[in-house]
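Here the structure of chain W is known, so what remains is to put chains P and S in place on it, guided by the hints.
Protein chains in written order, with the working numbering: chain W, 101 to 255; chain P, 101 to 255; chain S, 101 to 255.
Careful, some of the hints might be misleading.
Same chains, same label: a pair holds when it works inside one copy or across any pair of copies.
[Said to hold, decoys possible] DSS-like cross-link-like pairs, simulated, lysine-lysine; straight-line CA separation at most 27 angstroms:
id: 1; residue 1: Lys126; residue 2: Lys251
id: 2; residue 1: Lys142; residue 2: Lys126
id: 3; residue 1: Lys160; residue 2: Lys126
id: 4; residue 1: Lys155; residue 2: Lys251
Everything labelled a hint here was simulated from the structure, so no lab data went into it.
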Amino acid sequence: MAKSTQLIDNEVFRAYATYAAIVLLKMMLMSLVTAYFRITRKAFANPEDTASFGKGDSAKKFLRIDADVERVRRGHLNDLENIVPFFGIGLLYALCGPDLSTALLHFRIFAGARILHTFAYLIPLPQPSRGLSWAAGYAVTISMAYKVLSKALYL
Amino acid sequence: MAKSTQLIDNEVFRAYATYAAIVLLKMMLMSLVTAYFRITRKAFANPEDTASFGKGDSAKKFLRIDADVERVRRGHLNDLENIVPFFGIGLLYALCGPDLSTALLHFRIFAGARILHTFAYLIPLPQPSRGLSWAAGYAVTISMAYKVLSKALYL
Amino acid sequence: MAKSTQLIDNEVFRAYATYAAIVLLKMMLMSLVTAYFRITRKAFANPEDTASFGKGDSAKKFLRIDADVERVRRGHLNDLENIVPFFGIGLLYALCGPDLSTALLHFRIFAGARILHTFAYLIPLPQPSRGLSWAAGYAVTISMAYKVLSKALYL
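If we strip away everything but chain W, and leave its shape as in the complex, we get (with noise of 0.2 angstroms):
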């Protein structure tokens, strides 16, 4: 019973429940920007999303698809393809007993590059911003992937 909470009571463990919880939270608020994008934006992907819009051709015309929502959408994605990994490779490196400061290292870097690729899509930044925000947090999620494989390889 005492179990479930030794496991937070690791540091390292507490920096990566802190920042996986920080990403997935940014991630969520992804929602909400394509929900704001399509209300404000009037554009809908189902027909009874545009029931109070009135019936027939008056509602049938915010079916459409919108380029500032499709932005939103593509920086959703693009988050569920980075997010995940990071998650999933980022506990496991966790319970590779990292330095703590490596550890917070690795988190801190991630954290802040897919914050800044958020805004670099959606502002839009020219690029290479989106890029290199991109490429800093796959680095440090190949970087965790490293540590994980030469610690805990068993094929």
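Relative to chain W, chains P and S alone:
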């Protein structure tokens, strides 16, 4: 060695494992629903998938977008966007040692909300059924993230 | 403190960490393959990505959908839809204390099936190669979920 069986003996962790497995299986079911609609609607995305319908133009007409298939795919993507944060934040939450009854309340609401969301999306039910079931799952995940950050915060 | 190194000393957990890292890295590789096809096919989704090709209409023609890019993106999304459940259910399964040989069998089949699936999608190989490799990974995940639910069930 005995270690791996201890976490699973914790009641909160067992509850987490149960509901996490349920919602992940529910998400996996969306793949089968997509396949069902692709086959019955004869609407495929890849040329090699239509080879059994003949060659050339007779097969090419099945490379098309179907409204029912796209609806299931949107539901599947929405699952990914919401069940991934639940899995990740819920795992950290379960390791934070919450009360069993509070934890069960969170897990049950989330699982119920996502099952309702799937029915609301696929039938489809009139809004705000889908919106409210989405919001319930979202709120539960935020509530668990708050607990994780207040217990584990280590920046 | 010593805690975080104990789970990783468990052989089943080490095997899980190894194969989970491998399939997550394989999924991450899809980002690079997408970037490769976007650059060689000159098919981009964001106006800021085409700025280096000049301004106005000369750049705008590269904002287009390319069949090869879309194929990689479908493969990437299919990875997300299948590797996320494997990661989540596999983690719970590894904590349920399965036999090492049974666990290795599950992990190896899944990793092999997903690597085959990627080749079948990208080359592409004629069906049912892609369908069967998808089904093998799916079946393994279901089998692990069954073990998790029969061991941990707490509703």
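Notebook entry, point to check: Given identical chains, is lysine 155 near lysine 251, meaning Cα to Cα at most 27 angstroms, within a copy, between copies, both, or neither?
Noted result: Neither way: lysine 155 and lysine 251 sit 61 angstroms apart in one copy and 50 angstroms across, limit 27 angstroms.
Next item on the list: Using 27 angstroms as the alpha carbon limit, work out where lysine 142 and lysine 126 are close: within a copy, between copies, both or neither.
Entry: Only inside one copy: lysine 142 and lysine 126 sit 24 angstroms apart there, 31 angstroms across copies, limit 27 angstroms.
Next item on the list: Could you figure out if lysine 126 and lysine 251 sit no more than 27 angstroms apart (CA to CA) within one copy, between two copies, both or neither?
Entry: Classified as between: cross-chain Cα gap 19 angstroms, same-chain 30 angstroms, threshold 27 angstroms.
Check: Is it within, between, both or neither when you check lysine 160 against lysine 126 at 27 angstroms Cα-Cα?
Finding: Result: close neither inside a copy nor across copies, 32 angstroms intra and 31 angstroms inter.
Hints 3, 4 from the earlier list are contradicted by this structure; the remaining hints agree with it.
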